[in-house]
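S.K.: Sequence:
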Amino acid sequence: MGRGKVLSAMEIGKIQAYTDVGLSARIIAKKIGRSHNVVNRFLKNPNGYATKKSTGRPKSLNAQQVDTIRKAASNSTQGSRQIQKQLAPTTSRSTVYRAISSAQIWKWTKMAQEPALKPHHIQHRAKFADEHMTWSAEWNDTIWTDEKKFNLDGPDGLARYWRDAQQPPLVHRTRNFGGGRLMIWAGFSSDGPTPLAICSCKMNAADYIDILDRHLLPYVNSNPNKTYILMQDNASIHKAKKTMEWLDQHNIKTLDWPACSPDLNPIENIWGILVRDVYKNGQQYANVADLETAVRRAWSNIPAATFKKLASTLPKRINLLIKSGGEGIDY
1 MGRGKVLSAM EIGKIQAYTD VGLSARIIAK KIGRSHNVVN RFLKNPNGYA TKKSTGRPKS
61 LNAQQVDTIR KAASNSTQGS RQIQKQLAPT TSRSTVYRAI SSAQIWKWTK MAQEPALKPH
121 HIQHRAKFAD EHMTWSAEWN DTIWTDEKKF NLDGPDGLAR YWRDAQQPPL VHRTRNFGGG
181 RLMIWAGFSS DGPTPLAICS CKMNAADYID ILDRHLLPYV NSNPNKTYIL MQDNASIHKA
241 KKTMEWLDQH NIKTLDWPAC SPDLNPIENI WGILVRDVYK NGQQYANVAD LETAVRRAWS
301 NIPAATFKKL ASTLPKRINL LIKSGGEGID Y
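For the sequence shown, full-length UniProt numbering gives the first residue as 1, with consecutive numbering after it.
Treat the hints loosely; a few may be bogus.
[Unchecked claim] Simulated DEER-style distance windows between Cβ atoms: (1) A259 x H36: 40 to 46 Å; (2) P195 x K309: 28 to 34 Å; (3) H36 x Q249: 52 to 58 Å; (4) S312 x G22: 20 to 26 Å; (5) S222 x T293: 23 to 29 Å; (6) T293 x S136: 35 to 41 Å; (7) W135 x T90: 37 to 43 Å; (8) E131 x H36: 50 to 56 Å; (9) D207 x T134: 35 to 41 Å.
Derived by calculation from the structure, the hints in this document are not laboratory data.
For every residue, glycine included, the Cβ atom is placed at its ideal position computed from N, Cα and C.
Let the sequences and hints guide you as you build the complete structure.
M.R.: What follows is the structure, encoded as structure tokens:
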């Protein structure tokens, strides 16, 4: 059998991230759908991988374009997609990524780690997938909710940039506790977003019920022809007796959500959209009021089609979860 095609930049990024969290080459190969040998070959010599002269089609970027792209990336917080849109709109993001990373003096920092799944987590996730494999329209009636913290100085552990080894490193300056923070609660369904609520970083069950009463209940009541299902994770204030009694009194059903499953929750994708907008180009904030304004603006800027599209991804997520046997999925 001939050798498989060369790993793409995206596949290489996934391999590096999975390696950082301690996965073996065999498990990584299964997760990205490539052979164990291909993954091993890359891990043995990451810097020298696929550096032999190609006999394939001509390069889509000439030397001058590559040099311009690399200069733009040097110690920049811009991702390869932003650079591609600005400097090489007729080529692909992956081509720009390769042009930067092939220099071997730049490295895009690690992605955030996934929660570690213990055997009982995997078992519960697999059970959840089996119980919901026939759901279709029900996902359109599900309201996906969660809380999210924003710091004045930027997101926790996600200040990323192209590190140029030939230049002094950029410093992401932070104040104590991120300089201040803002906690929000929000949700969405295929019908669109809920209002965004500002909440305390130390909420108790009574505080949470107040948010549900002022923000979730009007959303549910705005469409009396639907029977919504609430998705909330297993935080103690979500599962408190008072909270469950309130939900029961208002006839709001809840999903029996498996722990450690952010990959199944499409609101995590929404948080990613918000974070990229709020902190684009390394933006930091002087005070909580400015940060709140930015978060509210970013929330209102998300198109209705985005919420609808993300709500429609659940059948695929469940299918991937079934195939993985309850292991983490790439979503």
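S.K.: If a hint holds in the structure, say so; if it doesn't, say that too.
M.R.: For each hint, the structure was consulted:
1. A259 x H36: 40 to 46 Å: 30 Å, violated
2. P195 x K309: 28 to 34 Å: 21 Å, violated
3. H36 x Q249: 52 to 58 Å: 54 Å, holds
4. S312 x G22: 20 to 26 Å: 33 Å, violated
5. S222 x T293: 23 to 29 Å: Cβ of S222 to Cβ of T293: about 26 Å, so the range 23 to 29 Å holds.
6. T293 x S136: 35 to 41 Å: 39 Å, holds
7. W135 x T90: 37 to 43 Å: 42 Å, holds
8. E131 x H36: 50 to 56 Å: Taking Cβ atoms as reference, E131 and H36 lie about 33 Å apart, which means the hint is violated.
9. D207 x T134: 35 to 41 Å: With a Cβ separation near 37 Å, D207 and T134 satisfy 35 to 41 Å, so the hint holds.
Violated hints, listed in ascending order, are 1, 2, 4, 8; each of the other numbered hints is respected by the structure.
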